[in-house]
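Engineer: Chain A is fixed; fit chain B onto it per the hints.
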Amino acid sequence: MVPIAWYLVLSAILFSIGVAAFLIKRNIISVFMSIELMLNAVNLTFVAFAHMWHQVSGQIFVFFVMVVAAAEAAVGLAIIIAIFRARNTLNVDQVDLMKL
Amino acid sequence: MHLALFIIFGALCVAGALNLLLQRHPINSALSLIVVMSSLAVLYLLLGAEFLAAAQVIVYSGAIMVLFTFVIMLLNAGKETRTHGSKLAYIAGFPGAAILLGLLVYVFLSRQGEFGQARLGEYMVNTGMLSQVLFRDLLLPFEVTSILILVAILGAVALARKEH
Numbered sequence: 000m001v002p003i004a005w006y007l008v009l010s011a012i013l014f015s016i017g018v019a020a021f022l023i024k025r026n027i028i029s030v031f032m033s034i035e036l037m038l039n040a041v042n043l044t045f046v047a048f049a050h051m052w053h054q055v056s057g058q059i060f061v062f063f064v065m066v067v068a069a070a071e072a073a074v075g076l077a078i079i080i081a082i083f084r085a086r087n088t089l090n091v092d093q094v095d096l097m098k099l
Numbered sequence: 000m001h002l003a004l005f006i007i008f009g010a011l012c013v014a015g016a017l018n019l020l021l022q023r024h025p026i027n028s029a030l031s032l033i034v035v036m037s038s039l040a041v042l043y044l045l046l047g048a049e050f051l052a053a054a055q056v057i058v059y060s061g062a063i064m065v066l067f068t069f070v071i072m073l074l075n076a077g078k079e080t081r082t083h084g085s086k087l088a089y090i091a092g093f094p095g096a097a098i099l100l101g102l103l104v105y106v107f108l109s110r111q112g113e114f115g116q117a118r119l120g121e122y123m124v125n126t127g128m129l130s131q132v133l134f135r136d137l138l139l140p141f142e143v144t145s146i147l148i149l150v151a152i153l154g155a156v157a158l159a160r161k162e163h
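Going down the list, the protein sequences come from chains A and B.
Counted from 1, the first sequence has number 29 at position 30 by numbering that gives the first Met the number 0; the numbering is strictly sequential.
Counted from 1, the second sequence has number 69 at position 70 by numbering that gives the first Met the number 0; the numbering is strictly sequential.
In case anyone wonders, no lab produced these hints; they're calculated from the structure.
All residues carry an ideal CB built from backbone N, CA and C; glycine is no exception.
Errors might be hidden in some of the hints.
Listed below are several chain A residues computed to face chain B (Cβ distance under 7 Å; list not exhaustive) [as the list claims (entries may be wrong)]:
hint: 1; residue: Met0
hint: 2; residue: Ala4
hint: 3; residue: Ile12
hint: 4; residue: Leu13
hint: 5; residue: Met32
hint: 6; residue: Asn39
hint: 7; residue: Val55
hint: 8; residue: Ala73
hint: 9; residue: Ile80
Chain A on its own, in the form it takes in the complex:
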């Protein structure tokens, strides 16, 4: 028996680490990975609340988040490849112009 609040605290910890990594990391791929970490933390909250309310809808939400995350990862990594081709760098500080 584990309090639901502990699951929520765990997901808050993961989300905060994701926020910190998003702000601190300078590599564009690492920034993207911290976004995935934040998505996963929110998914854990959804599943915990689905268990708490005995509702399936929370899990349906997680399913849709996973689908959108897969699409986002494919497009995002393609954009990263395009940026690397144009700039020859992965550092976000050097990617500050929209013009090539």
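Structural biologist: Just chain B now, with coordinates in the frame of chain A:
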């Protein structure tokens, strides 16, 4: 049993996330993110979400992270270098995340009684129950996601293609 599994895999999650934060090489971050995602699958099982646990392993730690490691190796990403912007991010990033964490933990723990307890095996959602909702009540959104995936694939191909 439930508590022991929660503590072991919760600690594994936090350790993997911290390792993601502290490693300077993206490939190490990617591998620790796989640890986080796989341990989250176990936590989903503890909360009775068996389909989502399987989907987490297949979609997240399988497909998405393989894509990440593939791109990291393809682009030959090296260690991060410290820049002026990263110093600024250290000053703003850690306190901001700490404030966020403190706020969330305070809210969750102060209302701990209202959330109740999670018991192992109390509320299991099997794939049948999930698919009944997904294919009957939410059929249109489900079909729309397939179009979303198709558009994403086409967009990825168009973006990553070499220009001639």
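Engineer: So, against the hints stated earlier in the document, which numbers end up violated here?
Structural biologist: Those not satisfied: there are none.
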